[in-house]
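Novice: Position chain W against the provided structure of chain V, taking the given hints into account.
Here are the chains, one letter per residue:
Number of protein chains: 2
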Amino acid sequence: MSTKKKTKVLSKKKGKILVPKWKLFRAKEPVLSVFMWGINHTVDQLLHVPPPGLLMPDDFKAYSKVKIDNHNFNKDIMPSHYKVKEYCPNVFRNLREQFGVDNFEYLRSLTSYEPEPDLLDGSAKDSTPRFFISYDKKFVIKSMDSEAVAELHSVLRNYHQYVVEKQGKTLLPQYLGLYRLTIEGSETYLIVMRNVFGRKYGVHTKFDLKGSTVSRAASDKEKAKDLPTLKDNDFLEQNWKLNLPPEAGKLLIEMLTSDTEWLTRMHLMDYSLLVGIHDCERAAQEAANRPVEQNSEESGDELAPTPPDSPIPSTGGAFPGVSGGPDLDDEFYAIASPADFEKNLIYFIGLVDILTYYGIKKRSATAAKTVKYGSDAENISTVKPEQYAKRLVEFVSRALN
Amino acid sequence: MSTKKKTKVLSKKKGKILVPKWKLFRAKEPVLSVFMWGINHTVDQLLHVPPPGLLMPDDFKAYSKVKIDNHNFNKDIMPSHYKVKEYCPNVFRNLREQFGVDNFEYLRSLTSYEPEPDLLDGSAKDSTPRFFISYDKKFVIKSMDSEAVAELHSVLRNYHQYVVEKQGKTLLPQYLGLYRLTIEGSETYLIVMRNVFGRKYGVHTKFDLKGSTVSRAASDKEKAKDLPTLKDNDFLEQNWKLNLPPEAGKLLIEMLTSDTEWLTRMHLMDYSLLVGIHDCERAAQEAANRPVEQNSEESGDELAPTPPDSPIPSTGGAFPGVSGGPDLDDEFYAIASPADFEKNLIYFIGLVDILTYYGIKKRSATAAKTVKYGSDAENISTVKPEQYAKRLVEFVSRALN
Chain V
15 MSTKKKTKVL SKKKGKILVP KWKLFRAKEP VLSVFMWGIN HTVDQLLHVP
65 PPGLLMPDDF KAYSKVKIDN HNFNKDIMPS HYKVKEYCPN VFRNLREQFG
115 VDNFEYLRSL TSYEPEPDLL DGSAKDSTPR FFISYDKKFV IKSMDSEAVA
165 ELHSVLRNYH QYVVEKQGKT LLPQYLGLYR LTIEGSETYL IVMRNVFGRK
215 YGVHTKFDLK GSTVSRAASD KEKAKDLPTL KDNDFLEQNW KLNLPPEAGK
265 LLIEMLTSDT EWLTRMHLMD YSLLVGIHDC ERAAQEAANR PVEQNSEESG
315 DELAPTPPDS PIPSTGGAFP GVSGGPDLDD EFYAIASPAD FEKNLIYFIG
365 LVDILTYYGI KKRSATAAKT VKYGSDAENI STVKPEQYAK RLVEFVSRAL
415 N
Chain W
15 MSTKKKTKVL SKKKGKILVP KWKLFRAKEP VLSVFMWGIN HTVDQLLHVP
65 PPGLLMPDDF KAYSKVKIDN HNFNKDIMPS HYKVKEYCPN VFRNLREQFG
115 VDNFEYLRSL TSYEPEPDLL DGSAKDSTPR FFISYDKKFV IKSMDSEAVA
165 ELHSVLRNYH QYVVEKQGKT LLPQYLGLYR LTIEGSETYL IVMRNVFGRK
215 YGVHTKFDLK GSTVSRAASD KEKAKDLPTL KDNDFLEQNW KLNLPPEAGK
265 LLIEMLTSDT EWLTRMHLMD YSLLVGIHDC ERAAQEAANR PVEQNSEESG
315 DELAPTPPDS PIPSTGGAFP GVSGGPDLDD EFYAIASPAD FEKNLIYFIG
365 LVDILTYYGI KKRSATAAKT VKYGSDAENI STVKPEQYAK RLVEFVSRAL
415 N
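If you read the sequences in order, they're chains V and W. Take 15 as the starting number for the first sequence in the numbering used here and just add one per residue. Take 15 as the starting number for the second sequence in the numbering used here and just add one per residue.
So here's chain V without its partners, still in its complex pose:
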């Protein structure tokens, strides 16, 4: 699993010990090797390009392409021919800064060890879109189709402006880097985002909420999984609530309102509010029952070397912490249940899948659903962006009591 090899070489001269460190991008599949290589290359390139004082319109149309052709060299670990294209390098560098993601942290999380395919949702290995999660669970990597890439480009200036305005405090996906990898003629678009779910706290219950109750229940097959993705109707039927401290609940609605207003302005809809719930008592019980030698997964962070001269800044969170509550440092999307609540829960709440433009494609979907469900169209997922946003905010407001 480790992709690092440290070799101690005793230098013959002057008895000095040299410690070359071979950082290999060895991964289970070429797309991950090239991804790790690409992150390393693009982050390194930025060390040689001072950030512009102000992002200019051209920065949002920029790209940097690198093409590698090796012959009889490094063929054990990497493909011999591959390309990496980074989109808008200065824009995403600035977004990382806005979101408090240090470039070294980004590099370390994505390249120290191979990202793992996120098969929690039981999707097949070759399904699309594909998800990967960084070894330290900080970042998710998702494949995109070219339409989504085009959509992201078309909203990027507005997105950047909005993120700056909000000083990074938004529930929108944190887009941190956009890449196209080409291996043997096959192209893969990958976007890196901050993981909504906890790094230290595993999620026990998971909801994908759209605010609609039409066709919004997990299938029996889904429910049979270890961690099913439940939906709006499951949330209501199982009498779930978001038990948040009043201050955090107010902030959640404010952010959600503002974020969905922005999404509406961009004509984006069909997004979901992803909600993960960590149950502290259940986690403690699980930890107690777990054999000692297998509980290293929660301390995966310690596997990576942290050079003493490279402090990783804490990124803080969107919500204020509860004094005396769990340590939510570096858990951006986390909210702990109030101290006086019957359970100790940690909620992870963020918006996902925002890049569906309400255009020709969606209009035909609306028409189809109206035919199918008649006048109940108001409650269908693909209503117009404004209604869509309003409905989701109302759903979440009700969930708060």
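Treat the hints loosely; a few may be bogus.
One copy or two, it doesn't matter: identical chains are merged, so the pair holds either way.
Restricting the straight-line Cα-Cα distance to at most 27 Å, the calculated cross-link-like pairs of lysine-lysine (DSSO-like) are [claimed, not checked]: (1) K75 <-> K37; (2) K264 <-> K183; (3) K79 <-> K97; (4) K42 <-> K79; (5) K37 <-> K81; (6) K75 <-> K89; (7) K75 <-> K97; (8) K81 <-> K97.
Derived by calculation from the structure, the hints in this document are not laboratory data.
Specialist: Chain W in isolation, oriented as in the chain V frame:
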């Protein structure tokens, strides 16, 4: 002149001071920018490729190509489209190791500051071949034509074997890296070698010796230069000698004999023995006469940051030092005159321009010279490799008394 910019940024979070360092490959001409970029890229790549335990035949046919296409990105400093091809990366990495050149030292010397065109010989800026010298004078960078590149490839395995056999103690050029740069369709081959001349000790007199006395005198125009390249006849007419300690003189002849035997086996000839002479008394007088603010050129080394955790190993030298003599650490080709000699001189002696194959081209040159000089062909530069080698060793032996 400095290509580094350090910016102190006061982080708002937690009052930490982050010091991003922009290492720019800004240079007076694109070929140098791309060269510096290429060194940085190729040395970095090797951090991700463990060296093979043993070099295999394929390693001598290997290459690694990288192609960059930027759009609206980094266009102030670098060309937007360029390619770098490194030849036989594992072979040259091993050669650097054989010659005691640490990869970090190599990177630092060639990329911390722009290499300077070496115009000491008064050649025009666009002459071929072009010479550059690293800011710290450790390495020279020379342009090559594709024939010389092919010749180097054809002798590389033998060269590597010979260097290993001699444990790096040879007067042959130390080939440390071979690159092809392509900028706007124009290709430049560059070879990096250790500088024969001193880093700390400027050369006052310079000879290019071939052991021949036919047409081997510097022109009046050449002699009018600050540091003319004198030749065999100038050496004899001005009654120069190589006043070396007996031990060093013996070693010089041994190395020269062995090296020229290898060159003969490779059918290489027309090479020169480059001899530079530093006069310590003259240097002291020059330093005394020099205005204080201009004498920083000899301490250029201190301009570069030396991370405390990256010790640069000393590379030692080909010749034993004289106890009580000048500090010749890291001056591979240096020999100090003996303590009892009337002057304090430091000689820098190495073989250069070895890549001329005695083939069809040279045979016709021999024929032409034989016609011109009649039976005196024995003394002409382009005699057969064996005679060529023998003649040079004899010339140097006589110069030693």
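Novice: Hint by hint, where does the structure go against what was stated? Just the numbers, ascending.
Specialist: No numbers; nothing is violated.
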